[in-house]
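Q: Sequence:
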Amino acid sequence: MKKFFLLMSWCCLLSLLSGCSLSNKEGISTFDETVYAAIDDQTVWSHCELIDRSGLDTQGYPHPITSTSIYLSSCNTLNKKDAKLITELPLIAVDSAGREVLTRVTDITPADNNWIVIEEYLAGADWNQGSIRIIGMNLETKEQRAIASGGRSGGLNFKYMVKDNYVFWSAKALDETRESAIMNLLTGEKQTLVGVDYDAKVVIENGIINADDKAISIKI
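Read in our numbering, the sequence shown has 209 at position 209, and its numbers run on one by one without any break.
FYI, nobody ran anything at the bench for these hints, they're computed from the structure.
Backbone N, C-alpha and C define an ideal beta-carbon position, used for all residues, glycine too.
Errors might be hidden in some of the hints.
In silico DSSO-like pairs for lysine-lysine, Cα to Cα no more than 27 Å straight-line [said to hold, decoys possible]:
no., residue 1, residue 2
1, Lys142, Lys163
2, Lys172, Lys219
3, Lys190, Lys159
4, Lys163, Lys201
5, Lys214, Lys163
6, Lys172, Lys214
Cβ-Cβ distance ranges computed for the label pairs, FRET-style [to be verified]:
no., residue 1, residue 2, range
7, Thr77, Asn206, 23 to 29 Å
8, Thr66, Leu174, 21 to 27 Å
9, Ile39, Glu189, 34 to 40 Å
Input sequences plus hints: build the corresponding full structure.
A: Structure, rendered in structure tokens:
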């Protein structure tokens, strides 16, 4: 009988460590999240694991429990075994307000010269609203560039676009444009675009930014 109780105790400990059967009984479920983009004949993709605590607390919002890994593999192949690991992004970061938050990748956009732009969602485990951060990453050198961040809730708006080796972004609070700018991924240089409204139609072509037919020369 004593051996039986010892065996049961050991099984319970294993369940707690693995977070499998015991977690399922409590209503916790985990699932994979993958984001990908095609680059010529290759696929760049991210992977992390999320947890959903629905039913255990009043919030229950899915949030990451592992850091996000960035992989490069052959076209339309999302297999870790055959993929090249580019980097692993930190699970925990500090947002613009100085708060510790969890990070996960929500979008990947290819740019020129082996660069990609990664969109991250930053939020606490029990938040229903978070913020957006975009970073640049070179798939060959693994160099990273902090680009910009902003919100998409509570009266905040943030958008961006990638063209060649440039990243344009704009941020708005209520009806006020807070910032419009562009970065050259190759150099990391930033140019503030004075007078470009958040709602303006922006086109980048031949070293010129056209914002509602207002032409601005790119100097970076």
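Q: Can you list which hints this structure breaks, lowest number first?
A: 7, 8, 9
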